[in-house]
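Top to bottom, those sequences are chains A and B. FYI, in numbering that gives the first Met the number 0 the residues of the first sequence are 0 to 435. FYI, in numbering that gives the first Met the number 0 the residues of the second sequence are 0 to 435.
Hints may be right or wrong, so weigh each one.
Identical chains blur together in the list; that is why a pair holds if it fits in one copy or across any two.
Unchecked claim - Derived EDC-like pairs: lysine to aspartate or glutamate, alpha-carbon spacing no greater than 16 Å straight-line:
| id | residue 1 | residue 2 |
| --- | --- | --- |
| 1 | Lys115 | Glu197 |
| 2 | Lys115 | Glu189 |
| 3 | Lys92 | Glu154 |
| 4 | Lys103 | Glu189 |
No lab work stands behind these hints: they were computed from the structure.
Protein chains: 2
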Amino acid sequence: MKLEMICTGEEILAGQIVDTNAAWLGNQLMEQGFEMQRRTTVGDRLADLLEVFQERSQHADIILVNGGLGPTADDLSAQAMADAMGVVLVQNKQWLTVLEQWFKSRGTKLSQSNLKQTMLPEGAIMVDNPVGTACGFRVKLNRAWLFFTPGVPSEFKQMVEQQFIPFVGQQSLEKQQVDVSKLLTLGMGESTMAQLLESLDWPAGITLGYRSFTPYLELKLIARNVSDANQQLALQQAEKLLQDAIVARNQPCLAAEVHRLLVDTGQTLALAESLTGGEISSQLVAFAGSSSYLQHCVVSYCNLAKTELLQVAEQTISDYSEVSMQCVAQMVAGTSSALGDVQQTDYAVATSGVAGPGGGSADNPVGTVVIGVKVGETVHCQKILIAGSRGRAYVRDLSVAVTLDMLRRAILGTPPVVDYSYINRLESRKFAIAEL
Amino acid sequence: MKLEMICTGEEILAGQIVDTNAAWLGNQLMEQGFEMQRRTTVGDRLADLLEVFQERSQHADIILVNGGLGPTADDLSAQAMADAMGVVLVQNKQWLTVLEQWFKSRGTKLSQSNLKQTMLPEGAIMVDNPVGTACGFRVKLNRAWLFFTPGVPSEFKQMVEQQFIPFVGQQSLEKQQVDVSKLLTLGMGESTMAQLLESLDWPAGITLGYRSFTPYLELKLIARNVSDANQQLALQQAEKLLQDAIVARNQPCLAAEVHRLLVDTGQTLALAESLTGGEISSQLVAFAGSSSYLQHCVVSYCNLAKTELLQVAEQTISDYSEVSMQCVAQMVAGTSSALGDVQQTDYAVATSGVAGPGGGSADNPVGTVVIGVKVGETVHCQKILIAGSRGRAYVRDLSVAVTLDMLRRAILGTPPVVDYSYINRLESRKFAIAEL
Chain A
0 MKLEMICTGE EILAGQIVDT NAAWLGNQLM EQGFEMQRRT TVGDRLADLL
50 EVFQERSQHA DIILVNGGLG PTADDLSAQA MADAMGVVLV QNKQWLTVLE
100 QWFKSRGTKL SQSNLKQTML PEGAIMVDNP VGTACGFRVK LNRAWLFFTP
150 GVPSEFKQMV EQQFIPFVGQ QSLEKQQVDV SKLLTLGMGE STMAQLLESL
200 DWPAGITLGY RSFTPYLELK LIARNVSDAN QQLALQQAEK LLQDAIVARN
250 QPCLAAEVHR LLVDTGQTLA LAESLTGGEI SSQLVAFAGS SSYLQHCVVS
300 YCNLAKTELL QVAEQTISDY SEVSMQCVAQ MVAGTSSALG DVQQTDYAVA
350 TSGVAGPGGG SADNPVGTVV IGVKVGETVH CQKILIAGSR GRAYVRDLSV
400 AVTLDMLRRA ILGTPPVVDY SYINRLESRK FAIAEL
Chain B
0 MKLEMICTGE EILAGQIVDT NAAWLGNQLM EQGFEMQRRT TVGDRLADLL
50 EVFQERSQHA DIILVNGGLG PTADDLSAQA MADAMGVVLV QNKQWLTVLE
100 QWFKSRGTKL SQSNLKQTML PEGAIMVDNP VGTACGFRVK LNRAWLFFTP
150 GVPSEFKQMV EQQFIPFVGQ QSLEKQQVDV SKLLTLGMGE STMAQLLESL
200 DWPAGITLGY RSFTPYLELK LIARNVSDAN QQLALQQAEK LLQDAIVARN
250 QPCLAAEVHR LLVDTGQTLA LAESLTGGEI SSQLVAFAGS SSYLQHCVVS
300 YCNLAKTELL QVAEQTISDY SEVSMQCVAQ MVAGTSSALG DVQQTDYAVA
350 TSGVAGPGGG SADNPVGTVV IGVKVGETVH CQKILIAGSR GRAYVRDLSV
400 AVTLDMLRRA ILGTPPVVDY SYINRLESRK FAIAEL
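Take these sequences, add in the hints, and give me the full structure.
Take a look at the structure:
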């Protein structure tokens, strides 16, 4: 069975937006055991759409078409498909009813432009969209089923998961049993990891896949028709090799793992973010239930905020600067007891550093970062140097990742400070809360 | 002239990596006045590559091929192209000399796998790569020039800028003058906007483009060979129609606009984020120079943080709840003077609300959000209801956007509270700082 994708939209072809729908679909299909053969991207011109529908329908069995179902004049997918089939557009009464109710429930009326979204090629089979005004549809042309989906990512994803993948499953006799294990890693480069892993033998049917979302690297073990025992073997082999670089198993991100651990343990957390500016807090608060452990976060961007809100001693800043282990240790202690000693949190973290591009000094060049984590009555601090030449966002993203990993390790009862192959540690030290 | 792109690589087709090269190229070409017609993405299989080279060379005049020039066994672009042309691979002596010197200068020897990178289809014209071991090349097949480039982004970009775009310029007589104006909007749905805009006449050569990144909608006025006067006319026409929905002009995001305004005015800001959990702070801190105006942010996630760190009265919370105008007004005042009355900031904002999916009540259902902004001695508050059914991330993202927009309007001296067509306002009220 030949599976293809057609992406439509001037903004994708001209690079106004990066086509994340396409990557997401490729990934989903692979995890379900289906392989995509080709992806064609065209703009919004009617003639181009018509040509690509006619052409690809002669080569593929199933084609997912993405985009061009919106209410505006440049949304031409349905019209182009009708032209390619030599039929007219007709109103889908079922979808008209859905839209009328949708707008009624929002206290507004169905507009002329939304009416356009009820017009499908004659003979098309409507595909429900429970979260948007653009229904999908599918039609048969030449050897192919063309399956039309909306471009809005949330609507697209729901339609693919709930309707397209089951449809592909029905049409296909070649479905494989595919299992995917994901190891989220931090601190090991892709070429290093690939060299380590690819020097080993893997059970037949196991493929390795890498997905990099800076600064994380996700390793996927894709098992096609592999026994549970052999999957376990492969997983153990990977874990043995990667060791401390693994920061989560089958989680979408490191914040999700930290959130899970904190919810599970029922312990509390306070944050003090200078360098990272609230990003750690925001990543945790993205998950429902974070209020069960997160007391507060202080973004102490100016030095007065450090002394007033976090009780850092002025002397500490003047003696050691705000990008120092001493200052960060006091920030950790200060945020932990900011709501009163009785309310002291179980865990607390703080960050300070020079994100750049300006602000560096001989002592603290751009990329200098200090992170502290409180466990019990001890604050574990480290000062690292991140390649500042990689830009402000990179320095901040990597600092967030290392902080979350130190917190994760603290919660698990392992030493919070650990080596990452491409991060240069300048110093590390423990402080007793009592002496701060 | 028909211009196409062919992207190669299993990892791109299967979504292991998002194809940022393709988006970048589309953007570059558009800004240079060239239009891409189609993009085809295939994997690493020799037969698929051969087929796509033969097929597209019958339709396009210039095809940029990306990827598959590396040293490993799955890099097959040169071989596939030779097969498609019916020729053999021959060694390019010029590139061999370059590589020998490259490795000599690094103290290593040319490896067998790198030797592979000197083999080009017979008759190919070598294209220099000053930053990598894979040279590019171009060949003519059917009506097309196929221009081969390496997949490594830094090498790809340099080759496109220095060699491909000049080559396209030489081949083309149709270069257009393309100018793009971008209006970032908030609070108007895509169908409403399209209906408004598309009912008007636009100067010849103007195309409208929409880019949605929830909750924002960006309108692009793309002008192809349009006089400055007519571009101005089109821009004025769009601005007149969209009015308050416009939140930035030619900026990548609303936070960038707020950052620019605060840096320009030299005034200070404090934040208190409950619902939004540090996201507003993090979006501002992403820009270098934010330390010139951002004093601090308090993420007061629990009620004790509101009373201890922001001086919200316990009585206020028990009388009105934490999701109330009264509480948020006190949070605004509290964060503004958290570092002492002398240090009171020029602007301050606060957010509180129920992001869901749990935590809703009859009084404050999921999606209830209160936002306050301090201007001078007044706090402007509004309580809105966001469609909680659209999920926690949507409630938070839209709250961040409305807060940034209220702050933007405050800095510009316009009333901070304004109507957004799809947001239901429950209440709005001004408080004098003195009475809080």
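Hint check results:
For the homomeric pair Lys115 and Glu197, the shortest alpha-carbon distance between copies (14 Å) is at most 16 Å, but the shortest distance inside one copy (53 Å) is not. For the identical chains of this complex, Lys115 and Glu189 are inter-copy neighbours only, at 14 Å across copies versus 48 Å inside a copy, given an alpha-carbon limit of 16 Å. Proximity of Lys92 to Glu154 under the C-alpha cut-off of 16 Å is found in neither arrangement, the shortest distances being 21 Å within a copy and 53 Å between copies. Taking the closest pair of Cα atoms, Lys103 and Glu189 never come within 16 Å of each other, the shortest separation being 52 Å inside a single copy and 18 Å across copies.
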